[in-house]
Amino acid sequence: MDLSLTDEQEFLREAARGTLSRFKVIEAARAALDDGLGELPDLWPAAREAGWPGLLISEARGGAGLGVFDAMLVAEETGRVLAPVPFLGLLPATALLDAAGYDGLEAIAAGEVRPVWIPTRPPGDLEMNWTVDGPGAARPAAPVIEGDGDSVRVTGRAAYVPDAPGADLLVVVGVDGTVAAVEADADGVTIEQVVRYDVTRAVAHVSLKDAPGRLLSVSSDAAADGWYVAQALIAAEAVGTVQTTLEMSVQYAKERFTFGRAIGSYQAIKHELTEVLRRLENARSLLFYAGWARDSGPDEWPLAASAARSAAGGALDFASRSNINVHGGIGATWEHDAPLYFRRAQLTRRLAGGHGDATDRVAERLLAA
Amino acid sequence: MDLNDSPEQAAYREQVRSWLEANKAAAPPVRSTRAGAEDSEYLAARRAWQGKLAEGGLAGTTWPAELGGQGKGPIEQVIVNQELARAQVPGILDVIGLGMLGPCLIAHGTDAQKQRHLGPMLHGDEVWCQLFSEPAAGSDLAAVQTRAVVQDDGSFALNGQKVWTTNAQFASFGLLLARTNPDVPKHKGMTMFIVDMSAPGVTVRGLRQISGEAEFNEVFFDDARVPAENVVGGVDNGWATALTVLMFERLTIGLGSQGFGYDAARFARAIGSDPVARKDKAVRKAIGEIGTDLLALRFASYRGLSALSQGQIPGPESGLAKVTTVNAAIAAGDLIADVLGPDALDEDESEWAYMISFLPGLKSAGGTEQILRNTIGERVLGLPPEPRLDKGIPFSELRTKETVA
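Protein sequence lines, in the order shown, are assigned to chains S and P.
Residues 6 to 374 in this note's numbering are what the first sequence spells out, letter by letter.
Residues 59 to 463 in this note's numbering are what the second sequence spells out, letter by letter.
Just so you know, these hints were derived from the structure itself, not from any lab.
Keep in mind that the hints are not guaranteed to be accurate.
Claimed, not checked - From chain S, some residues computed to sit far from chain P (all C-beta separations above 12 angstroms):
hint, residue
1, E44
2, A229
3, G318
Unchecked claim - Just so you have them, the derived chain S footprint on chain P, three or more residues with Cβ under 8 angstroms:
hint, segment
4, 326-340
5, 345-357
6, 361-371
7, 408-421
Glycine included, each C-beta is placed from N, C-alpha and C at the ideal position.
The shape of chain S in the complex, shown without the other chains (with noise of 0.2 angstroms):
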């Protein structure tokens, strides 16, 4: 029984947290709050610099050839200071052009070519079809791809695609699990980018009309492992906010003092902080059990990159809320930085699927078993 980090790993942490240590993300995230249209820094060089773009694709292709556990190590870093870096697109999206040998996977193991994948939900229990998500709470069903040979039409349109402003690839997973790859400025596709609520993050509705793409030959197995690669994802950066909101929230407790007594002497505010932790570590444990599953326990996959996605989420949403209110209502205004990882908790819940599918997928592979 061995779970600690590899030297390779460990390796791979640290260089991730030096990287993002250059740039000052949060204070930019704040400035853009504040005009609404301030830029934040682009970390595409760096990440291009630190080989992200590759993690996931094989060495013989030009990638790093890295599991989806270490990307999860890198991606909770980034989640520790809500960094714009787009993994949530890019590595699912590398995860089904590598399982499908495109040839163009060294442009983009380079970096050179940004991919970004569709979020396309596999059929559930109670939602027999591929679909994805919708304005509101509507689940249309996923785009449809149709044509003789290599050469496909995509029709459809989803809602609230992480990292899909200035990709220059789409991977798109039709409603029957066979899936497409379409150039973003081919004729047909509009990538409309929306109102970020939460700014460190960059979402849009993208839509189809008839646009010429190429078929990828994988699986609808390997389809749906993207699906559980992005919920791998999300749930890795989640339990990186997660541990920076509990650590400012601590650091806090500790030095504000009411009643002449530290705050964080209140049981009040010390149970509700060791809540954030017990969920925090339950979170960290199902990254243990995703990553473990991806390489060594397939059949397990699904259940666990589901559980770590719902249990992170829980936590993240959690961990928002309670940063505020150990804060007081500083921590509920500009002055401060919770709102920013509120933002983040509040957009993060809803993407790809949101919680909920994640927690009735977990329900739908115990209740099958």
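Fit chain P to the supplied structure of chain S, relying on the hints for placement.
Here is chain P on its own, set in the frame of chain S:
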């Protein structure tokens, strides 16, 4: 990330497994409830089985070899526990003795105490009980009021009451924390004793719980006498001795003997058999959340084992796993009973009635959820402690204050 044994661990596991294969026919059945505590025939079988486990080297795994143990580490203890569960046989009867009280004697006892007691404890010939908690001293253990007063002949006279004493009804000995000096602050005037449970003045009474079963006892001391040579760890040094026991208690719980059978798949099966419930969104949300918590615990325990393999001892954060377990199981019991209806509460037919009755008490066992959260908040998160009104005040004055308040 490797969930497998090291070669040495695998070899040890194989050794344990083949011993169990060869000997498990002699094992009594595993009982799903603790009803065995009131069944003397079953208890005799469990004692005999513990003796057999001891002969086979499957008891006292972490005790030093020169004291009859196996001289192994906590990870080997986990392997033994896992293999016992796999073979579907019960483990040792006296988990408290071998896991907590024996190790305390090994650390603080005199040579004569070790010689006299460790062998019969290991083999199940003499079962032990832990006489710590009292009606007014639970989470605040240092508030014990049981008095031990030294007599002219050097012996001590015991007066007071203990409670929540598992196994007291058939224990031969108990390890008892009593107050020897009430005129110093409360952590200072306590002493640990070995008490002969058959001594005059010791009365054991079963304490019936919600389930109707008496898994615990109250133990009363009316001028019971304890010889001076039964002091463990020095007079008035009882708190330090008690902390050793509590450390081993945490380790025993951290190594998770055989769990309570609170398993996501088992809970889901109870609901999945109902075709309406399994499509109900509220039911699915609830079982999804419960399942997520319990799945997290599985990997939390792997993380703990991984840390143990590297020589780290479980810290207070393992208490969080207990909080998660208990609350997830409570939610599962409620959910299952909602789905099955009052049938779930049929104590003869339903496998859930006992669990539902057992859990409210488990929430406080080994320290209430609130005290666990205090400890974790302070020791793990580093939050400041609550101001205390009992620091530096002689215990006798403290009692007066509490009475006035």
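Cross-check of the supplied hints:
no.	hint	verdict
1	E44	37 angstroms, holds
2	A229	18 angstroms, holds
3	G318	10 angstroms, violated
4	326-340	holds (count 7)
5	345-357	holds (count 11)
6	361-371	holds (count 5)
7	408-421	violated (count 0)
Hints 3, 7, counting from the list given before, are not met by this structure.
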